[in-house]
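Modelling step: build the complete structure from the supplied sequences, incorporating the hints.
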Amino acid sequence: KAEKAYYKSLKTKRERYKYLAIRSGLRSVVIDIPYDAYANVDEKGRLVNEDYAYIYDEVSSHRGTLKSYSFFNEWELSALLLGNIKASPTAAVGFKARQQQALFLQAQLGDKNAFKSLGLAVLCSNSFLTG
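Heads up, the sequence shown is in full-length UniProt numbering, so the first residue is 1 and it goes up one at a time.
Read the hints as simulated data drawn from the structure, not as lab findings.
A portion of the hints provided could be inaccurate.
[Said to hold, decoys possible] As a list, the in silico EDC-like pairs of lysine to aspartate or glutamate whose alpha-carbon atoms are at most 20 Å apart:
id, residue 1, residue 2
1, Lys44, Asp32
2, Lys112, Glu50
3, Lys4, Asp32
4, Lys8, Asp32
5, Lys13, Glu43
6, Lys13, Asp111
7, Lys67, Asp51
8, Lys67, Glu15
9, Lys11, Asp51
10, Lys86, Glu74
11, Lys1, Asp51
12, Lys11, Asp42
13, Lys86, Asp51
14, Lys18, Glu74
15, Lys86, Glu58
16, Lys44, Glu15
17, Lys13, Asp42
18, Lys13, Glu3
19, Lys86, Asp42
[Stated by the list, open to error] Label pairs and their computed distance ranges (CB to CB):
id, residue 1, residue 2, range
20, Ala97, Thr65, 18 to 28 Å
21, Ser68, Lys4, 32 to 42 Å
22, Ala2, Gly64, 20 to 30 Å
23, Ser70, Tyr35, 16 to 26 Å
Just so you know, these numbers come straight off a predicted model, no measurement behind them.
From the three backbone atoms N, C-alpha and C, an ideal C-beta is built for every residue, glycine too.
Structure representation (structure tokens):
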């Protein structure tokens, strides 16, 4: 109950986004992102704290480069943690638990497509169990 009360006490979307991103426990493997840099953009997409501009530039320059699906996924996850809700680290590669954890975070942040992807992931994993 205390956690729910704390979440409701957060006043802005940005504060809630940052709380959910940190609470998810997801961390980028390809770049070290300090918690202060999470959700460091306002609602118009401008940086709130310029100290972390280099991280945003680094992530932007690597997003979309397809050296491998795992690499692609990690840069998308980095963008999601930094505040880009449209980033989608959902490629069905790598660790399934990590993929589903990222999907749950996307759903909590308000991405409606994440629910469909979660359902599909569950259906696919169940089909392997039943044959």
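(request) Determine which of the earlier numbered hints do not hold for this structure and return their numbers in increasing order. (result) The structure breaks hints 1, 2, 3, 4, 7, 8, 9, 11, 13, 22; every other hint is satisfied.
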